[in-house]
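Chemist: One letter stands for each residue in the lines below.
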Amino acid sequence: MTELLGMRGITKTFPGVKALSDVTLSVRQGEIHAICGENGAGKSTLMKVLSGVYPHGTYDGEITFDGQRCEFGSVRDSERRGIVIIHQELALCGQLSIAENIFLGNERQQRGWIDWNRTNHEADALLKRVGLAENATRAVQEIGVGKQQLVEIAKALSKDVKLLILDEPTAALNDDDSAHLLDLLRGLRDEGVTCVIISHKLGEVTAIADTVTILRDGKTIETLDAAGLTEERIITGMVGRDLEHRFPPREPEIGEEVLRIEDWTVYSPNQADWLVVDRANLTLRRGEIVGLAGLMGAGRTELAMSVFGRSYGKNISGRIFKHGKEIDVRSVRDAVDHGIAYATEDRKRYGLNLIEDIQRNVSAAGLDKLAKRGWVDEHAEHDTANRYRRDLRIKAPTVNSVTGKLSGGNQQKVVLAKWIFTDPDVLILDEPTRGIDVGAKFEIYTIINELAAQGKAVLVISSELPELLGLCDRIYALSAGRITGEAQREDATQELLMQYMTKERE
Amino acid sequence: MTTTEARPAAPPGERSSRRISINPRQSGIYVAFALIVVLFEVLTGGALLEPQNISNIIVQNSYVLILAIGMILVIISGHIDLSAGSVVAMTGAVSAVLMVNWHLPWFWAVLITVAVGAVIGAWQGYWVAYFGIPAFIVTLAGMLAFRALTLTVLGNQGIGPFPDTIRTLSNGFLDGYLGNVGLGPLGGADVVTLLAGVAAVAGIAFTQWRKRSARLGYGQDVDPFAIFVLKIAGVAVVVLALVVQLARFKNLPWVLILLTALVLGYSLVAGKSVFGRHIYAVGGNLQAATLSGVKVKSVTFWIFVNMGVLAALAGIIFAGRLNQAGPTAGVNFELDAIAAAFIGGAAVQGGVGKVVGAITGGLIMAVINNGMSLIGAPSERVMLVKGVVLLAAVAYDIWTKRRAAS
Numbered sequence: 001m002t003e004l005l006g007m008r009g010i011t012k013t014f015p016g017v018k019a020l021s022d023v024t025l026s027v028r029q030g031e032i033h034a035i036c037g038e039n040g041a042g043k044s045t046l047m048k049v050l051s052g053v054y055p056h057g058t059y060d061g062e063i064t065f066d067g068q069r070c071e072f073g074s075v076r077d078s079e080r081r082g083i084v085i086i087h088q089e090l091a092l093c094g095q096l097s098i099a100e101n102i103f104l105g106n107e108r109q110q111r112g113w114i115d116w117n118r119t120n121h122e123a124d125a126l127l128k129r130v131g132l133a134e135n136a137t138r139a140v141q142e143i144g145v146g147k148q149q150l151v152e153i154a155k156a157l158s159k160d161v162k163l164l165i166l167d168e169p170t171a172a173l174n175d176d177d178s179a180h181l182l183d184l185l186r187g188l189r190d191e192g193v194t195c196v197i198i199s200h201k202l203g204e205v206t207a208i209a210d211t212v213t214i215l216r217d218g219k220t221i222e223t224l225d226a227a228g229l230t231e232e233r234i235i236t237g238m239v240g241r242d243l244e245h246r247f248p249p250r251e252p253e254i255g256e257e258v259l260r261i262e263d264w265t266v267y268s269p270n271q272a273d274w275l276v277v278d279r280a281n282l283t284l285r286r287g288e289i290v291g292l293a294g295l296m297g298a299g300r301t302e303l304a305m306s307v308f309g310r311s312y313g314k315n316i317s318g319r320i321f322k323h324g325k326e327i328d329v330r331s332v333r334d335a336v337d338h339g340i341a342y343a344t345e346d347r348k349r350y351g352l353n354l355i356e357d358i359q360r361n362v363s364a365a366g367l368d369k370l371a372k373r374g375w376v377d378e379h380a381e382h383d384t385a386n387r388y389r390r391d392l393r394i395k396a397p398t399v400n401s402v403t404g405k406l407s408g409g410n411q412q413k414v415v416l417a418k419w420i421f422t423d424p425d426v427l428i429l430d431e432p433t434r435g436i437d438v439g440a441k442f443e444i445y446t447i448i449n450e451l452a453a454q455g456k457a458v459l460v461i462s463s464e465l466p467e468l469l470g471l472c473d474r475i476y477a478l479s480a481g482r483i484t485g486e487a488q489r490e491d492a493t494q495e496l497l498m499q500y501m502t503k504e505r506e
Numbered sequence: 001m002t003t004t005e006a007r008p009a010a011p012p013g014e015r016s017s018r019r020i021s022i023n024p025r026q027s028g029i030y031v032a033f034a035l036i037v038v039l040f041e042v043l044t045g046g047a048l049l050e051p052q053n054i055s056n057i058i059v060q061n062s063y064v065l066i067l068a069i070g071m072i073l074v075i076i077s078g079h080i081d082l083s084a085g086s087v088v089a090m091t092g093a094v095s096a097v098l099m100v101n102w103h104l105p106w107f108w109a110v111l112i113t114v115a116v117g118a119v120i121g122a123w124q125g126y127w128v129a130y131f132g133i134p135a136f137i138v139t140l141a142g143m144l145a146f147r148a149l150t151l152t153v154l155g156n157q158g159i160g161p162f163p164d165t166i167r168t169l170s171n172g173f174l175d176g177y178l179g180n181v182g183l184g185p186l187g188g189a190d191v192v193t194l195l196a197g198v199a200a201v202a203g204i205a206f207t208q209w210r211k212r213s214a215r216l217g218y219g220q221d222v223d224p225f226a227i228f229v230l231k232i233a234g235v236a237v238v239v240l241a242l243v244v245q246l247a248r249f250k251n252l253p254w255v256l257i258l259l260t261a262l263v264l265g266y267s268l269v270a271g272k273s274v275f276g277r278h279i280y281a282v283g284g285n286l287q288a289a290t291l292s293g294v295k296v297k298s299v300t301f302w303i304f305v306n307m308g309v310l311a312a313l314a315g316i317i318f319a320g321r322l323n324q325a326g327p328t329a330g331v332n333f334e335l336d337a338i339a340a341a342f343i344g345g346a347a348v349q350g351g352v353g354k355v356v357g358a359i360t361g362g363l364i365m366a367v368i369n370n371g372m373s374l375i376g377a378p379s380e381r382v383m384l385v386k387g388v389v390l391l392a393a394v395a396y397d398i399w400t401k402r403r404a405a406s
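Chain order of the listed sequences is D and C.
Under this note's numbering, the first residue of the first sequence carries the number 1, and numbering increases by one thereafter.
Under this note's numbering, the first residue of the second sequence carries the number 1, and numbering increases by one thereafter.
The set of hints was computed from the structure by calculation and includes no laboratory data.
Mixed in with the good hints, there may be bad ones.
Take a look, some chain C residues computed to stay more than 12 angstroms from chain D by CB distance [unchecked claim]:
1) G45
2) W102
3) V119
4) A199
5) L262
6) L286
7) L322
8) G326
9) E380
Derived coverage of chain D by chain C (criterion: at least 3 residues anywhere in the stretch with Cβ under 8 angstroms from a Cβ of chain C; other residues may be distant) [claimed, not checked]:
10) 177-189
11) 338-349
The beta-carbon is built from N, C-alpha and C at its ideal position, and this holds for glycine as well.
All chains should be modelled from the sequences, with the hints used to inform the complete structure.
Modeler: Here you go:
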């Protein structure tokens with residue numbers, strides 16, 4: 001097969017940092033090429049160089065596409081040649097229809113006037129091609145994120161894409177949607193569309209890729225043929241060391257019950273009759289790590305947030321017991337006062353003040369502990385933040401570094417520090433390792449284990465079943481708002497959990 | 001997890017770091033202010049920094065500066081207040097009715113007027129915080145409604161004159177309690193004012209020194225000792241020069257004392273109090289603040305109450321200065337206060353800004369106003385220049401942010 005894309009000797013420096021150093025990437029015509037690497041390895045930077053976000057002249061090295069040398073000055077230039085990127089954060093306008101989104105910036109028009117018949121007709125054809133059974137006039141915000149991903153792909157196809165680049169395409173998708181997406185990519189490959197896929201989900205990479213290129217610390221480490229490639233082999237390349245165990249060892253010491261939730265029922269705030277959580281019962285014990293599994297939309301986050309000071313939902317009913325005594329948790333303040341902490345799944349939107357530094361984020365939830373009569377003791381605050389920076393190994397020169405500039409793993413550690421500082425008895429961690437590279441994941445697991453060892457009860461919500469299996473003493477499964485099963489560590493398998501998670505309502 | 005480590009009792013002056021803490025985004029505004037002052041000092045042939053003119057600049061702009069303090073807090077929290085000018089007029093009118101028509105003692109009149117300001121702020125704060133209407137709309141409605149109420153209260157005419165105490169607060173100066181002292185070629189100067197200036201410099205030097213020692217004690221980065229001394233010396237020179245000029249005219253204006261107290265108080269609240277931290281948290285990321293247990297609604301509510309109180313203060317001072325509460329008082333004051341906040345480095349999205357920055361922004365506009373009128377520029381040109389300065393200031397802010405990001 002011939003080479004479609006060649007990137008040679010790509011070096012990109014930012015003030016003080018060499019993000020890419022002599023990177024080489026060769027993608028053959030008609031293959032699915034996966035790029036793997038830890039966060040900060042340079043994957044996104046490389047794709048920004050390729051697509052012209054960083055225009056020619058701001059980097060060193062040479063790009064050839066379809067046998068020609070390319071000097072892209074902007075994203076428009078690269079799209080004109082048939083290179084389209086779909087970013088992790090989808091770039092769709094929620095209020096506009098599917099068809100309008102597909103042809104946004106590329107409108108089907110006649111002398112400045114939109115040809116609606118052509119727009120909707122061609123959109124329908126594209127939707128059929130990506131396997132999305134939706135009316136093209138429907139607003140994008142009304143369809144799920146999995147379908148929105150397909151709209152993005154349809155949009156790419158409308159531009160006569162030759163090279164499709166997907167950045168973490170399945171990060172926000174449930175397993176069904178992910179499987180559908182991967183099938184679609186295989187189909188597109190057979191039609192001659194070359195794909196580059198950036199993914200942290202190594203299972204997917206081994207399942208779909210023809211070739212895998214591994215980046216580490218801004219350098220190309222190796223390019224491997226995917227046939228017979230194992231996840232362990234990829235991880236070895238990514239972290240540069242053997243990760244014998246993906247999970248740190250732990251001796252659980254489980255004590256008495258700390259938190260019990262009975263008949264917890266929550267309705268959707270937007271749709272009064274939609275039962276989001278249905279009579280859920282669960283218990284957490286001292287020193288125990290409990291998992292909460294469920295597919296997208298099963299109500300995991302909603303359950304957690306409604307318990308956490310009624311931060312989600314309407315008409316909430318049910319009872320919460322702490323150490324056997326019923327408590328009333330009406331606000332986040334109440335929850336914190338009762339020793340309940342919740343680290344959100346979306347740390348950028350809900351977890352951190354990205355324009356402030358580590359110090360002020362760490363103290364955000366426990367500021368009262370650092371204050372006397374309403375005045376903050378800044379030196380004690382600095383000390384506290386510094387302590388957590390050391391203990392949790394947050395990689396930043398000082399605690400005055402702005403959190404918006406940290407990597408995902410370090411941001412997550414700041415969120416954890418914020419909640420650990422409130423000294424909770426119960427920690428609810430919602431997707432604690434989402435978008436975090438393998439090395440940092442191990443560190444987060446270590447922190448979780450230490451928290452349990454200190455006698456805290458930890459509830460971990462995760463979409464990655466292997467993570468729950470590796471980490472938890474006990475796992476609840478949630479399906480359509482109901483707890484459909486509970487498995488002890490010894491009995492839990494992916495198959496069993498999946499069975500629970502897909503149980504239909506009787 | 002191990003927590004405590006023996007804190008090294010660092011000898012002062014030795015643990016200085018390599019890094020000099022100059023942030024272009026923050027210091028840019030002060031440099032710009034200095035340049036503008038120098039520019040107009042040259043253009044006006046020295047008239048700008050004449051003793052009487054400095055005094056004028058402070059007295060004439062005190063009410064906008066007071067509004068700017070409230071406005072910067074509103075803007076940091078991610079909101080805006082378009083009603084401030086109308087509230088100034090309304091509270092001025094209320095104070096006039098109380099003092100002139102009803103002959104209430106000035107103290108009670110001021111107290112009641114400030115309470116009225118608080119109620120107005122609470123009214124707007126309720127709709128913004130608890131009902132969830134954008135502040136832009138609530139305060140736009142307030143801008144119309146409170147102007148209308150002003151006209152009702154005043155019965156469409158100006159009410160005055162005010163008691164002497166109020167006029168002294170707005171326009172007057174400290175008495176020369178300790179007499180004058182000769183400063184050679186500079187002539188006579190008021191001793192109390194000079195002492196206040198020396199005390200201010202000593203206070204600044206002392207608090208900075210304590211802050212530095214404490215930071216060293218905790219092993220944090222500080223400026224090298226020489227830079228530290230230079231910074232203090234620079235501040236001392238500016239403050240003393242200002243004080244000497246004021247002392248040569250008519251002593252310290254009362255509003256300057258009030259303004260200094262407000263700036264110090266609010267800087268402390270913004271920087272060091274739990275409430276102040278919550279303002280920044282709410283403006284920086286509303287959802288994250290909510291999920292961290294910050295009582296977001298109550299914070300927003302009290303920010304607007306505070307804005308109403310400061311607007312009432314500005315209303316009394318403005319009415320006292322004109323010696324009359326009039327129906328057109330305070331028109332466009334809110335825009336000046338908003339401009340001051342943004343020139344002073346506030347971010348449009350909220351979460352960023354400093355009280356001192358807003359004051360500096362207000363002073364930049366004041367100096368431009370004053371300097372241009374001294375050189376006889378027509379008012380339309382003054383407006384044009386102020387517009388350009390506002391745009392340039394925010395453009396600079398965004399540019400530095402973007403440069404830092406890439």
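Chemist: Now tell me if each hint is right for this structure.
Modeler: How the hints compare with the structure:
1. G45: At roughly 44 angstroms from the nearest Cβ of chain D, G45 of chain C sits farther out than 12 angstroms, so the non-interface label holds.
2. W102: Holds, since 37 angstroms exceeds 12 angstroms.
3. V119: About 24 angstroms separates V119 of chain C from the closest Cβ of chain D, which puts it past 12 angstroms; holds.
4. A199: Given a closest Cβ separation of 24 angstroms, the condition holds.
5. L262: holds, 18 angstroms
6. L286: violated, 10 angstroms
7. L322: The claim holds: L322 of chain C sits with its nearest Cβ about 38 angstroms from chain D, beyond 12 angstroms.
8. G326: holds, 39 angstroms
9. E380: holds, 38 angstroms
10. 177-189: Check failed, 0 qualifying residues.
11. 338-349: holds (count 3)
Consistency with the previously given hints fails for numbers 6 and 10, ordered from lowest to highest.
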